[in-house]
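K.L.:
Chain residues, written in single-letter form:
There are 2 protein chains.
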Amino acid sequence: MQKIKSPPKRLSELARRLDGEWSRLSLPRAGEVVIVAVSGGADSTALLLTLDELCRARRLDLNLLVAHLDHGLRKASKEDADWVTKLSHKLGLQAYVRRTDVGQKAKRKLENLEQAARSTRYEFFAELAASSGANLVLAAHTMDDQAETVLMRLLRGSGAEGLSGMEPIRPLTSDSEIRLVRPFLGWARRSDTDQYCRSRRIRSRVDEMNEDSRFLRVRVRKQLLPLMETFNNKAVETLCRTAALLRDDAAALSTYAGQLLQKASETEPISQNIALNTSILAHSHPAVRRRVLRQWIASRMGHLRRVEMVHLLAVEQLLEGNRGRAIELPNGVLVTRRRGRLYLSVKKVEKQSRNL
Amino acid sequence: MQKIKSPPKRLSELARRLDGEWSRLSLPRAGEVVIVAVSGGADSTALLLTLDELCRARRLDLNLLVAHLDHGLRKASKEDADWVTKLSHKLGLQAYVRRTDVGQKAKRKLENLEQAARSTRYEFFAELAASSGANLVLAAHTMDDQAETVLMRLLRGSGAEGLSGMEPIRPLTSDSEIRLVRPFLGWARRSDTDQYCRSRRIRSRVDEMNEDSRFLRVRVRKQLLPLMETFNNKAVETLCRTAALLRDDAAALSTYAGQLLQKASETEPISQNIALNTSILAHSHPAVRRRVLRQWIASRMGHLRRVEMVHLLAVEQLLEGNRGRAIELPNGVLVTRRRGRLYLSVKKVEKQSRNL
Numbered sequence: 003m004q005k006i007k008s009p010p011k012r013l014s015e016l017a018r019r020l021d022g023e024w025s026r027l028s029l030p031r032a033g034e035v036v037i038v039a040v041s042g043g044a045d046s047t048a049l050l051l052t053l054d055e056l057c058r059a060r061r062l063d064l065n066l067l068v069a070h071l072d073h074g075l076r077k078a079s080k081e082d083a084d085w086v087t088k089l090s091h092k093l094g095l096q097a098y099v100r101r102t103d104v105g106q107k108a109k110r111k112l113e114n115l116e117q118a119a120r121s122t123r124y125e126f127f128a129e130l131a132a133s134s135g136a137n138l139v140l141a142a143h144t145m146d147d148q149a150e151t152v153l154m155r156l157l158r159g160s161g162a163e164g165l166s167g168m169e170p171i172r173p174l175t176s177d178s179e180i181r182l183v184r185p186f187l188g189w190a191r192r193s194d195t196d197q198y199c200r201s202r203r204i205r206s207r208v209d210e211m212n213e214d215s216r217f218l219r220v221r222v223r224k225q226l227l228p229l230m231e232t233f234n235n236k237a238v239e240t241l242c243r244t245a246a247l248l249r250d251d252a253a254a255l256s257t258y259a260g261q262l263l264q265k266a267s268e269t270e271p272i273s274q275n276i277a278l279n280t281s282i283l284a285h286s287h288p289a290v291r292r293r294v295l296r297q298w299i300a301s302r303m304g305h306l307r308r309v310e311m312v313h314l315l316a317v318e319q320l321l322e323g324n325r326g327r328a329i330e331l332p333n334g335v336l337v338t339r340r341r342g343r344l345y346l347s348v349k350k351v352e353k354q355s356r357n358l
Numbered sequence: 003m004q005k006i007k008s009p010p011k012r013l014s015e016l017a018r019r020l021d022g023e024w025s026r027l028s029l030p031r032a033g034e035v036v037i038v039a040v041s042g043g044a045d046s047t048a049l050l051l052t053l054d055e056l057c058r059a060r061r062l063d064l065n066l067l068v069a070h071l072d073h074g075l076r077k078a079s080k081e082d083a084d085w086v087t088k089l090s091h092k093l094g095l096q097a098y099v100r101r102t103d104v105g106q107k108a109k110r111k112l113e114n115l116e117q118a119a120r121s122t123r124y125e126f127f128a129e130l131a132a133s134s135g136a137n138l139v140l141a142a143h144t145m146d147d148q149a150e151t152v153l154m155r156l157l158r159g160s161g162a163e164g165l166s167g168m169e170p171i172r173p174l175t176s177d178s179e180i181r182l183v184r185p186f187l188g189w190a191r192r193s194d195t196d197q198y199c200r201s202r203r204i205r206s207r208v209d210e211m212n213e214d215s216r217f218l219r220v221r222v223r224k225q226l227l228p229l230m231e232t233f234n235n236k237a238v239e240t241l242c243r244t245a246a247l248l249r250d251d252a253a254a255l256s257t258y259a260g261q262l263l264q265k266a267s268e269t270e271p272i273s274q275n276i277a278l279n280t281s282i283l284a285h286s287h288p289a290v291r292r293r294v295l296r297q298w299i300a301s302r303m304g305h306l307r308r309v310e311m312v313h314l315l316a317v318e319q320l321l322e323g324n325r326g327r328a329i330e331l332p333n334g335v336l337v338t339r340r341r342g343r344l345y346l347s348v349k350k351v352e353k354q355s356r357n358l
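Protein sequences appear in the order of chains A and B.
So that you can map any letter, position 237 of the first sequence is 239 in this note's numbering, and since no number is skipped, the others follow by simple counting.
So that you can map any letter, position 334 of the second sequence is 336 in this note's numbering, and since no number is skipped, the others follow by simple counting.
For the record, the hints were derived by calculation from the structure and aren't laboratory data.
There's no promise every hint is true.
Because identical chains share one entry, a pair is satisfied inside a single copy or across any pair of copies.
Simulated pairs of lysine-lysine, DSS-like, Cα-Cα distance not exceeding 30 angstroms [claimed, not checked]:
1) Lys-265 - Lys-88
2) Lys-77 - Lys-11
3) Lys-236 - Lys-92
4) Lys-77 - Lys-349
5) Lys-7 - Lys-80
6) Lys-92 - Lys-265
7) Lys-107 - Lys-77
8) Lys-11 - Lys-80
9) Lys-236 - Lys-109
10) Lys-107 - Lys-224
11) Lys-107 - Lys-11
12) Lys-265 - Lys-107
13) Lys-11 - Lys-349
14) Lys-80 - Lys-236
15) Lys-109 - Lys-7
16) Lys-11 - Lys-265
17) Lys-265 - Lys-77
18) Lys-349 - Lys-236
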């Protein structure tokens, strides 16, 4: 590994902006163990080095741990892991590397590889956080990643929640107290991290999968976004602003739906399950009603896997009395309308067949 | 003009689906004067001919009037007007043609030409509706037009309202009782209208402006949508579904904002102007608060021209006390924070300078 140019005496532009975002996000400045997810690409390398700048300048006093998951998908992946380890040691930081075989784990079609890689990474981070006492995991996603995510969701079909893109701060997993933080997401461009790495004379690693046009994300990055930038050279910023607006919309609608869910909830005497009052639902806005139905199903099932808009629309038909008295949803869920109430039950057959 | 193939004895597929949509939209079936906007392109020609089918089959009993605005933008536009007139006469319908010079009217940059053309058309339709007693104006926009509109708004920067695209039914102008109806918008593709015209052996007119790549809409149609269809061959349908979901979201949020506006409104004793209670606003969801501010400004000014997200964010800063006590908005509007209230005033100077 080449010699890294030592940080400038004054903070770099990128480090100063990161410092500002740190305040805006009300993140802790001292006394914390913080995991930094570093793939070795320009974004995460720049994140690690700017955090190091802020620590050296005493703007932060954090115990940084570097985490690198070797997905085992490429020949060069071992070299990436070594590179990240060496970089960490040069900075006087500990690096934790885990090697897995994501391809084996996915063993399904290409698009699911991304999903499998993500869940494996998150498991690794969660375990590392638990053993090290970290409350924060930092990821280096930029505005460019956000714009790509928004476009992928748009292409696949999505409402406000999906088009909101990634959140700057969220729980690492749905019930986790560990927070996943993306301090570059709101303001940094990929060109900023590239330029930063060049200015520190560091050659970050290039992930060949980032060039593999079988991945939707790569085609969005290489084809769709560049075309959109010929229409509006601020396309990335514009998409990110739309995502932020829709995130606020989705949050407000979720609150209203939660209130309506409470109002419409009626507890069944024996099972203690929650039934919904149909006339309260029937008089509510479709946008809120569909979210009530989602929250209701999620609270009972623990998830919303495979539940799609078409299912919610079917339940709405049920509400209006246009479509019999029962609707079957995925995962063996049955929604029944009876005497002014909607009931949710889970078919036993399905449960058994899953155990086979 | 060539001979039109007479309608099939049984209703065409397109006419049958139009009939279904007519019911879904609860449109009147008899005793009404209805204006059909016909440019002479495949979409509006197909709309006129399928309406004619439904009238001949006694599914509808409406007095159809054909309206054609000759925008005076192209050499061939007079020929289009003649073509539409002849087609109408063949169907036994009256055609109303008006010639204007939209180019003269716009005399600004290219993009505004579309805007000028639209407002001129709407004025023409409104006058014709008033003189003929029509309550409905039908326009032939398809799902393809909707998808293009959504993408144009996305490229320019937009929230849920903009990304909702066009509405299937709306007032012709903001305070009009005449309804603009787009009965193709929810389900018909441009390929459907093309195919229909071919099946009736009618060569609809081609608008050269539809080929002029200086227009954003044309580039979206010719470049962006085809690329998106290589990612998802149902891209048009997917975009239309997203638009419909966001339209529901925007409608719900607008209702909540209206309720909050009422709750936060405090009438000033002398002027009878409405001030807003800042602590009620401060505790509301940003997504709803921004819509309250928009509704408040619109109710006072009669419009929201030039008011953008950046202005609403500035007023939010004012609410939080982070940015002095006054914010200047476009159109000479001043928002002031004073003793727990937001006041809106219109600068006299601006009014005078406008009169010069």
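K.L.:
Hint by hint, note whether the structure agrees.
P.N.:
We went through each hint and held it up to the structure:
no.: 1; hint: Lys-265 - Lys-88; verdict: neither (57 angstroms within a copy, 61 angstroms between copies)
no.: 2; hint: Lys-77 - Lys-11; verdict: neither (38 angstroms within a copy, 67 angstroms between copies)
no.: 3; hint: Lys-236 - Lys-92; verdict: neither (37 angstroms within a copy, 51 angstroms between copies)
no.: 4; hint: Lys-77 - Lys-349; verdict: neither (46 angstroms within a copy, 68 angstroms between copies)
no.: 5; hint: Lys-7 - Lys-80; verdict: within (25 angstroms within a copy, 70 angstroms between copies)
no.: 6; hint: Lys-92 - Lys-265; verdict: neither (58 angstroms within a copy, 60 angstroms between copies)
no.: 7; hint: Lys-107 - Lys-77; verdict: within (17 angstroms within a copy, 64 angstroms between copies)
no.: 8; hint: Lys-11 - Lys-80; verdict: neither (34 angstroms within a copy, 72 angstroms between copies)
no.: 9; hint: Lys-236 - Lys-109; verdict: between (38 angstroms within a copy, 27 angstroms between copies)
no.: 10; hint: Lys-107 - Lys-224; verdict: within (27 angstroms within a copy, 41 angstroms between copies)
no.: 11; hint: Lys-107 - Lys-11; verdict: neither (46 angstroms within a copy, 59 angstroms between copies)
no.: 12; hint: Lys-265 - Lys-107; verdict: neither (43 angstroms within a copy, 55 angstroms between copies)
no.: 13; hint: Lys-11 - Lys-349; verdict: neither (66 angstroms within a copy, 50 angstroms between copies)
no.: 14; hint: Lys-80 - Lys-236; verdict: neither (37 angstroms within a copy, 40 angstroms between copies)
no.: 15; hint: Lys-109 - Lys-7; verdict: neither (42 angstroms within a copy, 56 angstroms between copies)
no.: 16; hint: Lys-11 - Lys-265; verdict: neither (59 angstroms within a copy, 54 angstroms between copies)
no.: 17; hint: Lys-265 - Lys-77; verdict: neither (56 angstroms within a copy, 63 angstroms between copies)
no.: 18; hint: Lys-349 - Lys-236; verdict: neither (51 angstroms within a copy, 33 angstroms between copies)
Violated hints, listed in ascending order, are 1, 2, 3, 4, 6, 8, 11, 12, 13, 14, 15, 16, 17, 18; each of the other numbered hints is respected by the structure.
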